[in-house]
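Participant: Just need the whole structure built from these sequences, with the hints factored in.
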Amino acid sequence: MRASLFITCYNDTLYPETGRAVVALLERLGVEVSFEPRQTCCGQMHANTGFRPEAFSQARRFVNLYREVEHVVIPSSSCVAMMREQYPTIFDELGDEILRREFLALIPRVYELSEFLVDRLQALDVGAYFPHRVAYHASCHGLRQLELGDRPYRLLAKVRGMELAPLANSDRCCGFGGTFSVKNAEVSSAMLTTKLEDVLATRAEYLTGLDNSCLMHLGGAMHRQYAGMTTIHMAQILAATADSPAEAMA
Amino acid sequence: MTVSSSSREAILAAIRMGTATTAKEAGWLHEAYQGLPRTYHHAGSLESEACLSLLVERLREYGAEIAETTPQALPDAIAAQLASTGKRRFAAPAALSSDWLAPGFEWHVDNDLPTDEIEHCEGVLTGAAAAIADSGTIVLHHGPQEGRRLLTLLPDIHVCVLLASQVVETLPEYFRQCIAPPELVTWISGPSATADIEMTRIKGVHGPRSLHVILVHDN
Amino acid sequence: MTTAQPHAELDPRFAPPFPQAALTVLRNPQLRRNVAHAVDIIQAKRGRLVAEKDDWQQLRSAASAIRSHVLESLGAYLEEFEVRCTAAGGIVHWATDGEEARRIILDILRQEQASEVIKIKTMTSAEIQLNPFLESNGVRVHETDLAEIILQLGEEPPSHIVVPALHVNRSQVREIFARKMGLPELSDDPQILTAAARRYLREKFLTIPTAIGGANYLIAETGSVAVVESEGNGRMCLTLPRTLITLAGIEKVLPRFDDLEVFLQLLARSATGERMNPYTSLWTGTVKGDGPERFHVVLLDNGRSRILRRPVERQTLKCIRCAACMNSCPVYRQTGGHAYGSVYPGPIGAILTPQLQQLQHAQSLPFASSLCGACYEVCPVKINIPEVLLELRSQVTRQERSQARRFFDPLYLGLRLANFLFASPRRFHLAQRLGRIGARLFTRKDGWIHSLPSVGGKWTLTRDLRGLPDETFHEWWANRKKEAR
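Residue numbers (our numbering), protein chains in the order written: chain A, 1 to 250; chain B, 1 to 219; chain C, 1 to 485.
One or more hints might be untrue.
Stated by the list, open to error - In silico BS3-like links for lysine-lysine, alpha-carbon gap of 25 angstroms or less:
| # | chain 1 | residue 1 | chain 2 | residue 2 |
| --- | --- | --- | --- | --- |
| 1 | C | 445 | C | 382 |
| 2 | C | 288 | C | 53 |
| 3 | B | 203 | B | 87 |
| 4 | C | 204 | C | 180 |
| 5 | C | 180 | B | 203 |
| 6 | C | 204 | B | 203 |
| 7 | B | 203 | C | 45 |
| 8 | C | 45 | C | 482 |
| 9 | C | 382 | C | 53 |
For the record, the hints were derived by calculation from the structure and aren't laboratory data.
Facilitator: Listed below in C-alpha cells is the structure:
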C-alpha cells in the first residue's frame, strides 16, 4: 500500500509535526509513504476569497503532480473538500479536457486522513497511546462536506488511555472560516468566544481535530487567554505510543 | 396599452431570456411537472382508530376541547359543549341543520348578518370540511355548513362539528381527497399565537381563543 | 414624489459594510442575548420535529425540484396564474421595479379614496420601501403583526424575517406600548402586552376598508393565493376589508394546489419549529358574499428576472422565506439582522441583497460568512448558499480588483503575492525561509506571536499565533531522506 502525503501549505509552514505524525502513523501501519517536494497549495484560500482564477493554476499543478500516485492522503478536511467541491467546476472552466479527465480519475484516490485510515486501511485501532482527557472538534468541512460522520470518534475510541469528553453544540462553527477570520475578525472572535465556552466546559486537557486551521484559531485564543487547554491535531494523537509520545506542543 | 401591460411584456421577455419555456410549450411543461421526484410519504400508516386518537392528542396539545359522540347523540353533545362555554350568543351558518341549534341560546343565523352583529356574538357553531391528524389541523372550505370566513374569525369561541369520516392522517391524504381545488380554504392548527415577545408563546392574538371540537363517530 | 427613509441602516444603498455594522451590534449585550435566545429556541424545536419526520429529506428534494421547475418555466406559470386569477375576479398588475409597484399601489388607493390601510407583514413591501412612500403620499399605514407594531411604534428596524422583533425584550415592548397606546399602567407580561395589541387593532380591522398584504404562494392552476401566519391578523386583513391588494414577488408561484402538500409540511417546521402554523388561508379571486369585493395582485420583478439568468445564482429564487438559514447561522447568532444592512438578513440576505442591488451595493455581504454550510443543511428547498456566496465573492472581487484603491489593499496584495509564491516550489520555499526569519521579529520569548501589523493585526486581535517552526515539513523530509542514504 502506497500513499503520497499532500501536507498542505499551512501545515508545511506552521505545523510540520502534524506531517511527521502522519508519516510515523502510516509507516507503522505498513504504508509506504512518499512526498512530492514540488507541492505547494490546493488553492482554497484564493477560491474562497473570490480569487477564482488564481486557484486554477494550483488545481492544475495538483493534478500534474499526483496523476500517477496510488493514494493521496491529506491531513486537512478543508483541502479535500476544496478538491471535491470546487475543483470539478474549476476543471470545467479551464477547458482542458484531458486534464479534467485526469482529475476525475484522480479524485477518488484522494483521502482525508481519517477516511484513509477507516475506509482504505480499515484500521480503527492504530496502536495509539495517549493518556489524556481529550475533546474532539468537528470542523465544518469535515462534518458537512466530507460527511466524515463517526470515523474520527471510532478512531479515538481505540486510543489507549484516552478519555473522550463530549463537546456541546459540536456542529456549531468555530468562526475560523479562512480569510473570514481577518476580514470579519470581530464576528469571527465573537463566534470563537461562544465556541470556547463549550470547549472549555469539557475540562479536557487537549482539543483535537482533523484541521489545524480551526485548531490554530481556537488554540490561538486558548493561548491568549491562558486557558489551560491546548490543541493537537488528531494525527499526533494517533501516532503517539508509549515509546514515542506526541511531540510537545506549546 | 397601459403602463402595466407594457411592464408585463417587459417582465415576461426578461424571464424568457433566462428560461427555457413559454406558455406555448404547455406539453413539455406538463411532462416535466409529472416527472418531478415525489418520494415523500403520500399516506399515513395508522388505522382509523389510532388516527382519530392522534387527532385528539394533537388538538388537546394546543388547548382545544374535544368531545366525542355518535350521530344520534350529536344534538345533545352540541348543547353540552355550548353550555360548557358559559356563553349565550352564538352565530351559525344558515345551512346548519336546525337540530344543531340547541335551545336555550341566542342564535344569530348568518343570512347576511352585519359585521357588527357577528362581532357581538360570543361564539360560533359550524361544521368542517376535513381534519388532518398529524398536525391537529381543522380544515374549512367555507361551504354552506361552515359559513363565510369572518364567521369563524370574529367570535371568541368556535364550536366545530367534525365527522370521523372527514379525518385523514397526513396532509398529502387531505389533498388526495379534494376532488377539485377549493376556492377558499382555512387550515386551523391551533389558536392564534405569537412568539414575538421574547419568544414567549402567547395565544389568542386575533381569532377565536377557544376551540371546541365535537368528533362524531360516523363510521 | 419624495420618499422618506426612516431606516437607512436597512437600506443597502446607505448601510455600512457588514464588518462595520457588525461592530456596533457586537457591543450590544442585550441584543446579542435576545437574538441567541430566539434562534436557539426555534432551532431546538425545528430539530425535534425534523427528527420525527422520516421523509424530511424526500420532502426537501421534492420542494427543491418543484421550485427549480417553476423557475425554469416561470413565464408560463405566471401567465397561467394571471389567466385564472383574472377569471376568478382578481386584477393582476405587473411591476418591473419597486418604484412602479409603489405607484401601482398608490393609484389603486387613490381610486379607492383610501387614506388609511391595514397591512399584513410582507417582506416584499419592506424590500420596496412601501410604507414610507405611502405615508409621504398621505396614506396612513397600520401594521397589524404584533412584531411589526412593536417595530412601527418603537421606530425600530426589523432584524429577522419571521420574528422581526426578536431583538426587542418585554420591557422594551412595554415601554413602547405604554407610550404609543396611551397605557401608562401597562405591565411587561407578554400576555398583557398581547391583549393590549389585540384591543388596539380590533377597531382598525373593523373600520378600515383597505388592506395590503403579501403572499407565501401563488397557485398557477387556480389563480389562488395562500398566506401562512400565526396571529390571525392576516385572516382579519384578508376577509374584513372591501379591497385587498396582494404584493408578491414573481418567484412566489407554484404550479398546482396539490403542491402545497409539500410546502405546508416544510414551512412551519423550518420557520417556527411547529408541525403547522396556526392559520393558513387560501382564496381565489373574489368570492361573492365572502371577503373583499375588489382584489388586486401586484406581481413584482425588481431584479428577479435578472437573477434568473445566472446559472449558479438562480437557485436564490427558490427561497420560500422560512428563515431557517438565519436560525442556524452561527454568524447571525452573534449579530442579529441589523448588521446585514437589508430587510433580508442572514444567509439568504447575504446572497439575495447583493443580487437585487446588482452588486452596486452590499458587496460586503457575500463575505459575511465562514462558509460553514449549516444554512444549506437546513434549507427546505436546498439552496446551496455557500456555492452562491463563493460565486458572488468571485464577482465582487473581479469588480473590486480593477479599482485603484483596492490594488493596495493589504489582503488583496497578500493574496496576489501568495499566488505568485504558490506557483513555484522554489519561490514558495524561499518565502517560507524569509517568513521564518521575519516572524522572529514578532515572536516573543514564549515562542508565540502576540501582535502583528496590518492584516495580521486582525488575527492577533484576539488570538496568538505560534512562532514559525525552525524547519518546515518538506525540509524535515528532505533531511530524513538524506540521512537514510
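Participant: Taking 25 angstroms as the top limit, are the C-alpha atoms of residue 204 of chain C and residue 180 of chain C close enough?
Facilitator: Holds, at roughly 15 angstroms.
Participant: Are the Cα atoms of residue 180 of chain C and residue 203 of chain B separated by 25 angstroms or less?
Facilitator: Within the cut-off at roughly 23 angstroms; holds.
Participant: Hey, residue 203 of chain B versus residue 45 of chain C, does the alpha-carbon distance stay inside 25 angstroms?
Facilitator: Status holds; Cα separation ~18 angstroms.
Participant: Take a quick look at whether residue 288 of chain C and residue 53 of chain C sit within 25 angstroms of each other, Cα to Cα.
Facilitator: 40 angstroms, violated
Participant: So if I understand the rule, the pair passes when the alpha-carbon distance is 25 angstroms or less; does residue 45 of chain C with residue 482 of chain C pass?
Facilitator: 60 angstroms, violated
Participant: Going straight from one Cα to the other, do residue 203 of chain B and residue 87 of chain B come out at no more than 25 angstroms?
Facilitator: 20 angstroms, holds
Participant: Given the proposed pairing of residue 204 of chain C with residue 203 of chain B, does the C-alpha separation stay at or below 25 angstroms?
Facilitator: 20 angstroms, holds
Participant: Sort out whether residue 382 of chain C lies within 25 angstroms of residue 445 of chain C, counting only the CA atoms.
Facilitator: Status violated; Cα separation ~50 angstroms.
Participant: Against the 25 angstroms threshold, does the CA-CA distance of residue 382 of chain C and residue 53 of chain C hold or violate the hint?
Facilitator: 17 angstroms, holds
Violated hints for the displayed structure, listed by number in ascending order: 1, 2 and 8.
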